[in-house]
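Undergrad: In our numbering, the protein residues as written are 1 to 240.
Hint data in this document are derived by calculation from the structure and do not stem from the laboratory. Just so you know, not all the hints are guaranteed correct.
Stated by the list, open to error - Computed cross-link-like contacts, SDA-like style, restricted to lysine to any residue with a CA-CA straight-line distance of at most 25 Å:
1) K71 x T45
2) K118 x I137
3) K123 x A64
Unchecked claim - Cβ-Cβ distance ranges computed for the label pairs, FRET-style:
4) G12 x R210: 35 to 45 Å
5) D228 x A115: 35 to 45 Å
6) G12 x E94: 12 to 22 Å
7) M25 x G225: 11 to 21 Å
8) G11 x D87: 16 to 26 Å
Backbone N, C-alpha and C fix where the C-beta goes; we use that ideal spot for every residue, glycine too.
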Amino acid sequence: MKIFPAIDLFGGQAVRLFQGDYEKMTVYDPEPLHTVERFEAAGATCLHVVDLEGAKTGETTNLATIEAIAKQTGMFVQVGGGIRTMDTVRRYLEAGASRVILGTAAVTDPDFTAAAVKQYGEKIAVGADLKNGKIAIKGWLETSAESWDVFLGRMQDLGVQTVICTDISKDGAMGGTNHKLYAALSARYHMDIIASGGVTSLEDVEALRRAGAAGAIIGRALYAGTIDLAQAVRLGEGTP
Numbered sequence: 001m002k003i004f005p006a007i008d009l010f011g012g013q014a015v016r017l018f019q020g021d022y023e024k025m026t027v028y029d030p031e032p033l034h035t036v037e038r039f040e041a042a043g044a045t046c047l048h049v050v051d052l053e054g055a056k057t058g059e060t061t062n063l064a065t066i067e068a069i070a071k072q073t074g075m076f077v078q079v080g081g082g083i084r085t086m087d088t089v090r091r092y093l094e095a096g097a098s099r100v101i102l103g104t105a106a107v108t109d110p111d112f113t114a115a116a117v118k119q120y121g122e123k124i125a126v127g128a129d130l131k132n133g134k135i136a137i138k139g140w141l142e143t144s145a146e147s148w149d150v151f152l153g154r155m156q157d158l159g160v161q162t163v164i165c166t167d168i169s170k171d172g173a174m175g176g177t178n179h180k181l182y183a184a185l186s187a188r189y190h191m192d193i194i195a196s197g198g199v200t201s202l203e204d205v206e207a208l209r210r211a212g213a214a215g216a217i218i219g220r221a222l223y224a225g226t227i228d229l230a231q232a233v234r235l236g237e238g239t240p
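Model the full structure from these sequences, guided by the hints.
TA: Okay, structure coming up:
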């Protein structure tokens, strides 16, 4: 299981939100590349980046920062946040992103999603942010009409290979992850399921690995110091 330390960008800075609330934002590092370099030094080979401004506006506001991160590290960088056009997909991939995540667009624009998957294959992932049985969209400000299980089935039919699944109720709350959910998803779908939200302890990492998750995204717990990243990486690989 791959460990993805998370960087959320707003105004070129590394920040964290509490349960997606833009009014509850904490700035952790005005120079995100420094944080990324610490992640890499701890043994992380993958990175999860979200442009929080892009998630609301659809603009590539933090493209320059993401490009610098991709070019100055050797990490696999997956990027999400407001990716709603083929031009945006192209720009991120040309900037050095290894994979881009379609969130709102995967719900609202199935034709675009199908075209992106057809053209870029495994470089396209889909974000499924679960809230009250639906998929949250537009920076978690709205929810989809269809249920999350219908949505995930539709994504699998399109040929999506990777889903980043966030339990919003767990995100940033430091209360542990919903490993039973990820076990059920991993068993039900043949897509790779990357768990996000509430990964707070090494026990969470181990539970997700045993649940069959392909990856785990760790955010606030790293910044709060409740998880040692080097240990988490080794545990995810099955070598604690």
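Undergrad: Now look at each hint and say whether the structure bears it out.
TA: Evaluated hints:
1. K71 x T45: 14 Å, holds
2. K118 x I137: Distance of about 23 Å is within 25 Å: holds.
3. K123 x A64: 20 Å, holds
4. G12 x R210: 35 to 45 Å: Holds - the Cβ-Cβ distance for G12 and R210, about 38 Å, lies within 35 to 45 Å.
5. D228 x A115: 35 to 45 Å: 42 Å, holds
6. G12 x E94: 12 to 22 Å: 20 Å Cβ-Cβ, so the 12 to 22 Å window holds.
7. M25 x G225: 11 to 21 Å: 19 Å, holds
8. G11 x D87: 16 to 26 Å: 23 Å, holds
Every hint, counting from the list given before, is met by this structure.
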